[in-house]
Amino acid sequence: MISNYKYKPLFFFSMTFLATFALWFAGAYVSFQDDKSGLYMLLMLPGLMVPFLISLVMILTSKNSDLKKDFVNRLINLRLIQPKMLPVIVLIMPLSVLASILFSLPFGGSISQFQFAEGFSFSSGLVPVLLLLVLAASFEELGWRGYAFDSLQSRYNFFMASIIFSILWSLWHFPLIFVNNSYQYEIFHENIWFGVNFFISIIPMGVIISWICIKNRKSIIAAILFHFIINISQEMLEMTQITKCIETVVLTVVVVAIIAIDKEMFFSKEHLTGRVN
817 MISNYKYKPL FFFSMTFLAT FALWFAGAYV SFQDDKSGLY MLLMLPGLMV
867 PFLISLVMIL TSKNSDLKKD FVNRLINLRL IQPKMLPVIV LIMPLSVLAS
917 ILFSLPFGGS ISQFQFAEGF SFSSGLVPVL LLLVLAASFE ELGWRGYAFD
967 SLQSRYNFFM ASIIFSILWS LWHFPLIFVN NSYQYEIFHE NIWFGVNFFI
1017 SIIPMGVIIS WICIKNRKSI IAAILFHFII NISQEMLEMT QITKCIETVV
1067 LTVVVVAIIA IDKEMFFSKE HLTGRVN
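Take 817 as the starting number for the sequence shown in the working numbering and just add one per residue.
Keep in mind the hints are simulated off the structure, nothing from the lab.
A hint or two may mislead.
[As the list claims (entries may be wrong)] Label-pair distances were calculated between CB atoms; the ranges are:
1. LEU946 to MET1081: 32 to 40 Å
2. PHE827 to PHE919: 39 to 47 Å
3. ALA1073 to SER881: 37 to 45 Å
[What the hints assert, rightly or not] Straight-line Cα separation of at most 20 Å, SDA-like style, residue types lysine to any residue; simulated pairs:
4. LYS884 to LYS900
5. LYS1060 to PHE990
6. LYS885 to ASN820
7. LYS885 to LEU872
8. LYS1085 to LEU949
9. LYS885 to VAL873
10. LYS885 to LEU907
11. LYS1060 to LEU949
For each residue, glycine too, the CB sits at the ideal point set by N, CA and C.
Take these sequences, add in the hints, and give me the full structure.
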């Protein structure tokens, strides 16, 4: 967060939601016209890039050299990543998935969930699913960490900024439930409560990503890496949607533990002192 710059969170999130929703709702319509061609991805991909593009425009037009240098540094400087945080980045999500499957067993969950998935749980038209997972992690975090989260933290403590961001991030995915063959479309049509769980689960995930980023001196690379690990962890094993509901509880417990351990950082208002109004 740059102290001599006035962030514009309302403008950023308003423009991001408007542009993304316009592209994704159009993509949803096209996805039902000829789903075999996959042409709807020509609208979905630009929608995915919107947070990054708006962040980039706001940074480049800011006339603030510190803001521009900070963005570049957090994007390319690998030394920002703390070696002691690497096991946390790599293991939190896989361990949460394994714990969720384990907890599901007494409730009738199958041990076969520990098997590797034979394929992905959704299709993505012209774009290979694995590539889409990489692009999603990259373009989202370039926007969310490039500008969005700092804009919230310029007005709130880290706890409130994390919660507000996570709720907005969850709502940002809303149009995807209308896109034919998307993951969100598939689970909503399997059971509406599985779809509701998807949106709820994003909130603890968002808090953890924000924490990972801050603990690595706001490294965008660290956020992208962790976001990708989240994406691939959700697809790697034969985990059922019931178990993913359990996973939401597990991740919430992880967030509570992180907040308890790092309470001073989450609730400190020191960074708000002397901010530009």
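Structure-based check of each hint:
1. Distance hint check: the CB atoms of LEU946 and MET1081 are about 34 Å apart, consistent with the given range 32 to 40 Å.
2. Between PHE827 and PHE919, the C-beta spacing of about 43 Å keeps the proposed range 39 to 47 Å intact.
3. Here the CB-CB span from ALA1073 to SER881 is close to 39 Å, well matched to the stated 37 to 45 Å.
4. At most 20 Å may separate the alpha-carbon atoms for a hinted pair to count; LYS884 and LYS900 exceed this at roughly 28 Å.
5. About 18 Å separates the Cα atoms of LYS1060 and PHE990, which keeps this hinted pair within 20 Å; it holds.
6. As the CA atoms of LYS885 and ASN820 are separated by approximately 13 Å, the hinted pair is consistent with the 20 Å bound.
7. Distance hint between LYS885 and LEU872 is fulfilled; the C-alpha atoms sit about 12 Å from each other, no more than 20 Å.
8. Simply put, LYS1085 and LEU949 have alpha-carbon atoms about 35 Å apart, too far for the 20 Å limit, and the pair is violated.
9. Simply put, LYS885 and VAL873 have alpha-carbon atoms about 14 Å apart, close enough for the 20 Å limit, and the pair holds.
10. Among the hinted pairs, LYS885 with LEU907 is inconsistent with the structure: their alpha-carbon atoms are about 31 Å apart, more than 20 Å.
11. For the given pair, LYS1060 sits about 18 Å from LEU949 by alpha-carbon distance, which is consistent with the 20 Å threshold.
In summary, the numbered hints that this structure violates are 4, 8, 10.
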